[in-house]
Amino acid sequence: MGLSPTWWACLAGKVFGPAGLYAKMFLIRWVEEEIARRYPDGMMRTPVHFSIGQEAAAVGVIAVLNELDQVFGGHRSHSHYLAKGGSVERLIAELYGKATGCCGGRGGSMHIVDESVGFMGAFPIVGDAVSIATGAALAFSMDGSGRRAIVFSGDAVPETGQFWESLNFAALHKLPILYVVEDNHYATQTPLAQRQPTTSLGDRVSGFMPYQGLGDHEVADVAARTASLLSSLPALLHIQTYRYRKHVGPEYDWDMGYRSREEVEAHMEHDPVARAGRELLGRGHGPEVERIEQDIRRQVAEAFEKAEAVPWPEAA
Amino acid sequence: MAGGSVNFRNAIAQCILNEMERNPKVLLLGEGVSDPIGIFGTCLPAHARFPSRVIETPLSETMLTGACVGLALEGWKPIFVHARFDFALFTFEHLINTASKIPFIQKGQRVPIVIRVLVGRGWGQGPTHGQNFAAALANVPGIRVFIPTTNASYGWALWDALMGDGPAIIVEHRRFYDMERPELPSGGLRNRLFDVQIAAIGDAIIEAEEAGNTLRNMGVYCHVAAIERLFEPTPEFIKGVPAVIVENGHARFGVGAGLATQMAPIVRAPIAVIASPFSPLPASMPLEAEWYVTTERIVQAACGLLGTVPDGSAMAAISSGEGRDGRKEAF
Chain A
0 MGLSPTWWAC LAGKVFGPAG LYAKMFLIRW VEEEIARRYP DGMMRTPVHF SIGQEAAAVG
60 VIAVLNELDQ VFGGHRSHSH YLAKGGSVER LIAELYGKAT GCCGGRGGSM HIVDESVGFM
120 GAFPIVGDAV SIATGAALAF SMDGSGRRAI VFSGDAVPET GQFWESLNFA ALHKLPILYV
180 VEDNHYATQT PLAQRQPTTS LGDRVSGFMP YQGLGDHEVA DVAARTASLL SSLPALLHIQ
240 TYRYRKHVGP EYDWDMGYRS REEVEAHMEH DPVARAGREL LGRGHGPEVE RIEQDIRRQV
300 AEAFEKAEAV PWPEAA
Chain B
0 MAGGSVNFRN AIAQCILNEM ERNPKVLLLG EGVSDPIGIF GTCLPAHARF PSRVIETPLS
60 ETMLTGACVG LALEGWKPIF VHARFDFALF TFEHLINTAS KIPFIQKGQR VPIVIRVLVG
120 RGWGQGPTHG QNFAAALANV PGIRVFIPTT NASYGWALWD ALMGDGPAII VEHRRFYDME
180 RPELPSGGLR NRLFDVQIAA IGDAIIEAEE AGNTLRNMGV YCHVAAIERL FEPTPEFIKG
240 VPAVIVENGH ARFGVGAGLA TQMAPIVRAP IAVIASPFSP LPASMPLEAE WYVTTERIVQ
300 AACGLLGTVP DGSAMAAISS GEGRDGRKEA F
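Chains as they are written, first to last, in numbering that gives the first Met the number 0: chain A, 0 to 315; chain B, 0 to 330.
No lab work stands behind these hints: they were computed from the structure.
Hints may be right or wrong, so weigh each one.
Claimed, not checked - Beta-carbon label-pair distances, calculated as ranges:
hint	chain 1	residue 1	chain 2	residue 2	range
1	B	D164	A	G212	39 to 47 Å
2	A	A170	B	N6	36 to 44 Å
3	B	F252	A	P39	37 to 45 Å
4	B	D164	A	P310	23 to 31 Å
5	A	P39	B	P23	52 to 60 Å
6	A	A170	B	D164	30 to 38 Å
7	B	M162	A	M42	34 to 42 Å
8	B	P234	A	E32	55 to 63 Å
9	A	S230	B	S51	22 to 30 Å
10	B	R251	A	D40	44 to 52 Å
11	A	D40	B	K238	47 to 55 Å
12	B	F252	A	G201	41 to 49 Å
13	B	F252	A	A226	51 to 59 Å
Keep in mind that this is a model prediction, so the values were computed, not measured.
Glycine included, C-beta positions come from ideal geometry on N, C-alpha and C.
All chains, full assembly: derive it from the sequences and hints.
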């Protein structure tokens, strides 16, 4: 494969710094752009919830974790899986329903997992992952292993009972867990204002544990704030982010009427991936950026070729 | 475990203690596990011996079931207990959507979580304290439902549940708790020619055993068995012998109805299902007594399959029910 050991290390989460963060964000963006491009072929017969636009939240948080830490996700978790170092080949093969997929084709886009890198699974029923991660944190607490659990949720999760039950339990037992709410403002097509009171989530959560709210425009800022919050677990990180595509599927959806094209494009103007790329170029890292992007494009293309070539799973 | 004088409650307590001694990864969780009652005494010995592995919980059953899944992913074996099956409906989310699916989705990933649920009976438990949802969970692939009816089969059920790949439910009939539940005599009996067989689910085994004795007094050779594992074939049924299936549950889409369909091509003889009316359980004593299956109904059904009439004096000898439905006990 084309990537140098350094870049592989970046992708596996072992090297930080602007280039490493950019490489991971670009990997996620490119994988999903490629899924979107090939999706109309009809070979990936699985509902895909695209992370495009939300890469900085996943990469910023996961960049400051260590390899013992475990990450849990939900239905929109390609970004978390890849940020933690999950295999691109096994992800794409899973979307194709092939035997070499990370679940042998039995799970699809919403059930991706790569325990070897500490991505413990995606649990697509909203709220479920929070409870499972809380149990894992209880295990770490009892084991004395020093591990930490990090669970990514959407902005609808604070509407579930499991969220508050988990916060209560984690605060009671002082569990090593970071709850991350990626707030993209919509639950499918329903805006936040129709689902929650206007009081801040921070006010609601602060009776249980430390809270930090922030935006995702600057991935290094997400990483820095995550790192500081990790010293006072349990804690909750609330990241304002934005999804560019439909709730599920590769298309843009401004013709549906629940949000305007102007709103989507305003967010795209502040795209965190493009911003990180521009910063590297501005510091004279143009050749490196080019090499990162080329390597990733080649790696992703190979993953698709392999996924198309490998056999179907055998019936049980 | 000591011999014949151990009641079901103490047998459960001892089985849990044994498993926690055997495996340092076994945990016991639930609301009330560490209080002075300790889920009707079943958690007291474990709490006294292993206080750090007996975890008192808030009333957050959905989250806690998910937490059991998380604990299992990290190598622990949690036993999560609910003083009533009615309280455990919050566990269904994780039982059905995560725990039973993970071993299917991720080959080799084990989620050995055990959910203990007690089915209340007597003292007017009423519509929301005496329900049994075994049929609903038995319908989900990946969930193993155990309904032990003897001290020994409880021990095997708990051991098997903890050794499994996925989630298990152990349905505990509160009615058994103060009874001695030794093994039924069986063995060589299978080689005899039977006129009729009775297959009972859960606490209906008590009426089934009594019906079996009544039928034998009438000269009818009757085989009685409990169906205790709802996730695998049931070798308890004998080919070619008319069968009465009996349960304290609804006939409509129930465990008994499912078994009758499943066993029909194997039994190849008439099958009758005796069950409760399709109505919630009422609290009032006479209404409650009507809801549960009776020995008389089982005997009549068996005779009906054989085309005979129950012997009057044998029917009259059936005990009134005092002492076997737990009326004297506050559940």
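Cross-check of the supplied hints:
The given range of 39 to 47 Å is respected by D164 of chain B and G212 of chain A, whose C-beta atoms sit roughly 41 Å from each other. For the pair A170 of chain A and N6 of chain B, the supplied restraint of 36 to 44 Å holds, since their beta-carbon distance comes to about 40 Å. A hinted range of 37 to 45 Å holds for the C-beta pair F252 of chain B and P39 of chain A, which are about 42 Å apart. Between D164 of chain B and P310 of chain A the beta carbons are some 25 Å apart, a value that agrees with the proposed interval 23 to 31 Å.
Checked against the hint of 52 to 60 Å, the C-beta distance between P39 of chain A and P23 of chain B comes to roughly 54 Å, which is consistent with it. As the Cβ distance of A170 of chain A to D164 of chain B is approximately 33 Å, the hint placing it in 30 to 38 Å holds. For the pair M162 of chain B and M42 of chain A, the supplied restraint of 34 to 42 Å holds, since their beta-carbon distance comes to about 40 Å. At about 57 Å, the beta-carbon gap between P234 of chain B and E32 of chain A stays in the expected band of 55 to 63 Å.
Take S230 of chain A and S51 of chain B: their Cβ atoms lie about 26 Å apart, and the range 22 to 30 Å holds. A C-beta distance of roughly 47 Å is found between R251 of chain B and D40 of chain A, which places it inside the suggested range of 44 to 52 Å. Taken as a hint, the range 47 to 55 Å holds for the pair D40 of chain A and K238 of chain B, whose Cβ atoms sit roughly 54 Å apart. For the pair F252 of chain B and G201 of chain A, the beta carbons lie near 48 Å from each other, so the given range of 41 to 49 Å is met.
Judged by the Cβ atoms, the range 51 to 59 Å given for F252 of chain B and A226 of chain A holds: they are separated by roughly 54 Å.
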